[in-house]
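S.K.: Based on these hints, arrange chain G with the ligand on the given structure of chain Z.
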Amino acid sequence: MHAETEVHFRDAAAKALLDPQLRANFRRAMDGLITKRKAQFPDPRDLQDLRDLSTAIRSRSLLNLPELLEQFEANCTKNGIKVHWAETCEQANELILGIMQAKGAKTLVKGKSMVSEEMHLNAFLESKGIEALESDLGEYIIQLDGETPSHIIMPAIHKNKDQIARQFSQKIKDAKYTEDVDELTAMARKVLRQKFLDADAGLSGVNFAVAETGTLCLVENEGNGRMSTHVPPLHIAVMGLEKVVARLEDVAPLYAILTRSATGQAVSTYFNMITGPRGAGEKDGPQEVHLVILDNGRSRIYADPQLRATLRCIRCGACMNHCPVYTRVGGHAYEAVYPGPIGKILTPQMEGVGVRHDLIHGSSLCGACGEVCPVEIPIPEILVRLRREATHEDLGSTVAGKGTGRTATEDWAWRLWAGVTKRPVLYRIATWFATRFGKALPAGAPLIKNWTQSRTKPVPARRSLSERMRAEGGPHA
Amino acid sequence: MPDPRTAILGRLRAAGDSGPLPALDTAVLERRQWPAAERVARLRKGMEAVHTEFLDATPATWPAVVRAFCDREGLKNLLFGPACQDGAALAAAWAPGGTRLMPYDRPVEAFKQELFGEVDAGFTSTVGGVAETGGLLLMPGPAEPRLMSLVPPIHIALLRASTIQDSFWSAVKALGWGRALPPNALMISGPSKTADIEQTLAYGVHGPKRLIVVLVDDLA
Ligand code: SF4
Chain Z
1 MHAETEVHFR DAAAKALLDP QLRANFRRAM DGLITKRKAQ FPDPRDLQDL RDLSTAIRSR
61 SLLNLPELLE QFEANCTKNG IKVHWAETCE QANELILGIM QAKGAKTLVK GKSMVSEEMH
121 LNAFLESKGI EALESDLGEY IIQLDGETPS HIIMPAIHKN KDQIARQFSQ KIKDAKYTED
181 VDELTAMARK VLRQKFLDAD AGLSGVNFAV AETGTLCLVE NEGNGRMSTH VPPLHIAVMG
241 LEKVVARLED VAPLYAILTR SATGQAVSTY FNMITGPRGA GEKDGPQEVH LVILDNGRSR
301 IYADPQLRAT LRCIRCGACM NHCPVYTRVG GHAYEAVYPG PIGKILTPQM EGVGVRHDLI
361 HGSSLCGACG EVCPVEIPIP EILVRLRREA THEDLGSTVA GKGTGRTATE DWAWRLWAGV
421 TKRPVLYRIA TWFATRFGKA LPAGAPLIKN WTQSRTKPVP ARRSLSERMR AEGGPHA
Chain G
1001 MPDPRTAILG RLRAAGDSGP LPALDTAVLE RRQWPAAERV ARLRKGMEAV HTEFLDATPA
1061 TWPAVVRAFC DREGLKNLLF GPACQDGAAL AAAWAPGGTR LMPYDRPVEA FKQELFGEVD
1121 AGFTSTVGGV AETGGLLLMP GPAEPRLMSL VPPIHIALLR ASTIQDSFWS AVKALGWGRA
1181 LPPNALMISG PSKTADIEQT LAYGVHGPKR LIVVLVDDLA
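Heads up: the sequence lines are chains Z and G, in that order.
Under the numbering used here, residues 1 to 477 are what the first sequence spells out, in order.
Under the numbering used here, residues 1001 to 1220 are what the second sequence spells out, in order.
In case anyone wonders, no lab produced these hints; they're calculated from the structure.
Some hints could be false.
Listed next, the in silico DSS-like pairs over lysine-lysine satisfying Cα-Cα at most 27 Å (straight line) [said to hold, decoys possible]: (1) Z:K161 / G:K1209; (2) Z:K36 / G:K1112; (3) Z:K195 / G:K1112; (4) Z:K38 / G:K1045; (5) G:K1209 / G:K1112; (6) Z:K82 / G:K1045; (7) Z:K449 / Z:K439; (8) G:K1173 / Z:K173; (9) Z:K128 / Z:K161; (10) G:K1112 / Z:K190; (11) Z:K195 / G:K1076; (12) Z:K457 / Z:K439; (13) Z:K176 / G:K1209; (14) G:K1045 / Z:K195; (15) G:K1209 / Z:K103; (16) Z:K103 / Z:K128.
Where chain Z lies over chain G, by a calculated footprint (3+ residues, C-beta under 8 Å) [to be verified]: (17) 1027-1033; (18) 1110-1119; (19) 1127-1137.
Fair warning: this is a prediction, and the values are worked out from it, not measured in the lab.
Cβ atoms here follow ideal geometry from the backbone N, Cα and C, with glycine treated the same way.
With the rest of the complex left out, here is chain Z (with noise of 0.2 Å):
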């Protein structure tokens, strides 16, 4: 199974590196990001302290997670919220089907929610007949070619305006075709108002959740996070069980990490914090607030202590965007919910080691992700971690699939190697036959193909060492 999902990524990011007009959308919009973000940080000192501060947030989040938990559910609670938990991402659908159908609701505006991705919501409403519309624009946008998100942050980046306008003019009805940007934004205006007004049911994610008020955070710049949250009668809200934090001043900071990383903005247009539901008096907001919280193997990340910091992160994208593999193969060729450098060590935790062998190799261990991470999550080492579980068994670890990610071309290749270098006649004739031949292998063997590709073949030296130390007269000779 691994040898056949190894090459996904592979190919995929092969086509994705043929395409310049693909190429040139990230090039393009990852420049823009890398920039804006190192605008907001003109202090090194502030910077540090910050991710200091909220990597230290973060990580006592987590040391206390249960009891958190535990007190952000019963606030919640108080706070009219009810609260469901879901093993997985169908009992999670099921949920959510079920909270629909005992309200009589047809229809669903969802804001933007990497973790409804996760549990591949749409569809599944979709197969039971429920129209679940997303309103986040790049989110709009992508759902009308039946695509996925391609950033975890910017869902849309990897279309430019004369692709958007094309769609649009086909897929909205009554559309012109025009490439101004702001005509584009309202014509989805239209649409999407009328939608907001018509819909059964919101559906939001959840930014941070705040156990000391059992409050719900949400960031946003559009204003669609809060249409589909206070305007129709019912709002489902879903997220992972990682994402409580015990105080609301605790949010600051990380908010303020959040949005710098991101986008580069000192803050976004809208930081909403729902409570509850209408309360006695109140004229508008949902009827009704309901949250889902999602394991999906979130449980079994928190097991272990390295892995466990994986979970501090707070989805701001910055890894993907200083990401030199991300940025030019994008966000699809991953193949996965997640993509780029948060996404390279997710998303094994979450599917198997195994099954998603493919993306822990997708990466040149520069280091770019750990350095701009927020949080401080060690990326690197993490990947490192996961390669060396993908091909052991015999770690005491909770790694789901491990040992599953060795093939057997690596099996024997190594096998020949320790046999060989254990046996000194043999390793004498195998190193006297590769300086004497080597440079005669030719570049499309088999093995070193990969590296030829792109780069010049390596050529072994005329003589081995030994044989120079013992012409030489060396003390070892």
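M.R.: Here is chain G with the ligand on its own, set in the frame of chain Z:
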């Protein structure tokens, strides 16, 4: 089979040994402090950078400033909360003719179509502002419903200079938001915007296209 909640919390507990909690050094947040006049200037600069418009007023003139804006823009109507103190003051000063004051005094279900289709602007109070990044703090509730600051194409917000805090962090503490929060509270820094099409900024994608802050100078 235990229910998901018990199973999940059980696994998290079993993962156990937490070790010492890392200390929280908030010096980086405490460094962000400015005198009152500078707080006003910072807020203004931050919000103007994201297309918020400002109107200057005093404690005595602000209703007239709101009125003059509505007339100048030729607004048909202005949605307001009659039970809110600032809303009531606005209504008391409102001369007949021109822009019509429209009270948000019914459940939204009774006028959803009208709210989405007919309302030109909404007027709300604020409970403070944030100097560091530029932002308004709002606490919608029975007197000032949530959708007033979201659905109409123009949002007019009343901000008293004396209520501007240094940062979001200090505002959370000053307002006691950590102890208790109403069903909805929020910070707004500008009109609704998106950069989802080729990183090009476009305003008014779902919420208000314009945010007008009536800044009341009450520092003296
Ligand atoms: S891993 Fe770090 S940089 Fe990447 S999305 Fe998460 S918080 Fe942001």
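S.K.: A separate judgement is required for each hint: does it hold in the structure or not?
M.R.: Results for each hint:
Restraint check: the Cα-Cα separation between Z:K161 and G:K1209 comes to about 21 Å, which is no more than 27 Å; the hinted pair holds. Proximity of Z:K36 to G:K1112 is assessed by CA-CA distance (about 39 Å); at most 27 Å being required, the pair is judged violated. Taking the CA atoms of Z:K195 and G:K1112, the gap is about 13 Å. The hint holds against a cut of 27 Å. Of the supplied pair hints, the one linking Z:K38 and G:K1045 holds, its CA atoms being roughly 20 Å apart against a limit of 27 Å.
Taken as a hint, the G:K1209 and G:K1112 pair is honoured in the structure, with Cα atoms around 19 Å apart against an allowance of 27 Å. Restraint check for Z:K82 and G:K1045: not satisfied, since their Cα atoms lie roughly 41 Å apart, outside the 27 Å limit. A threshold of 27 Å between alpha carbons decides the hint, and for Z:K449 with Z:K439 the separation of about 14 Å falls inside it, so the pair holds. A C-alpha spacing of about 49 Å is found between G:K1173 and Z:K173, which places the hinted pair above 27 Å, so the restraint is violated.
With a C-alpha separation of about 34 Å, the suggested pair Z:K128 and Z:K161 falls outside the 27 Å cut-off, and the hint is violated. Distance hint between G:K1112 and Z:K190 is fulfilled; the C-alpha atoms sit about 16 Å from each other, no more than 27 Å. Proposed proximity of Z:K195 and G:K1076 is supported: the alpha carbons are some 25 Å apart, at most 27 Å. Our distance criterion of 27 Å between C-alpha atoms is met by Z:K457 and Z:K439, whose separation comes to about 9 Å.
Our distance criterion of 27 Å between C-alpha atoms is met by Z:K176 and G:K1209, whose separation comes to about 22 Å. Note on G:K1045 and Z:K195: the hinted pairing is violated, with a Cα-Cα distance of about 35 Å set against a maximum of 27 Å. For the given pair, G:K1209 sits about 33 Å from Z:K103 by alpha-carbon distance, which is inconsistent with the 27 Å threshold. Distance check on the hinted pair: Z:K103 and Z:K128 sit about 15 Å apart at the alpha-carbon level, within 27 Å; holds.
Check result for the region 1027-1033 of chain G against chain Z: holds, 4 residues qualifying (beta carbon to beta carbon below 8 Å, three or more required). Only when three residues or more bring their CB closer than 8 Å to a CB of chain Z does the claim for the region 1110-1119 of chain G stand; here the count is 3, and the claim holds. Counting residues of the region 1127-1137 of chain G whose CB lies closer than 8 Å to any CB of chain Z gives 5, which reaches the minimum of 3, so the coverage claim holds.
Checked against the numbered hints above, the structure violates hints 2, 6, 8, 9, 14 and 15; every other hint is satisfied.
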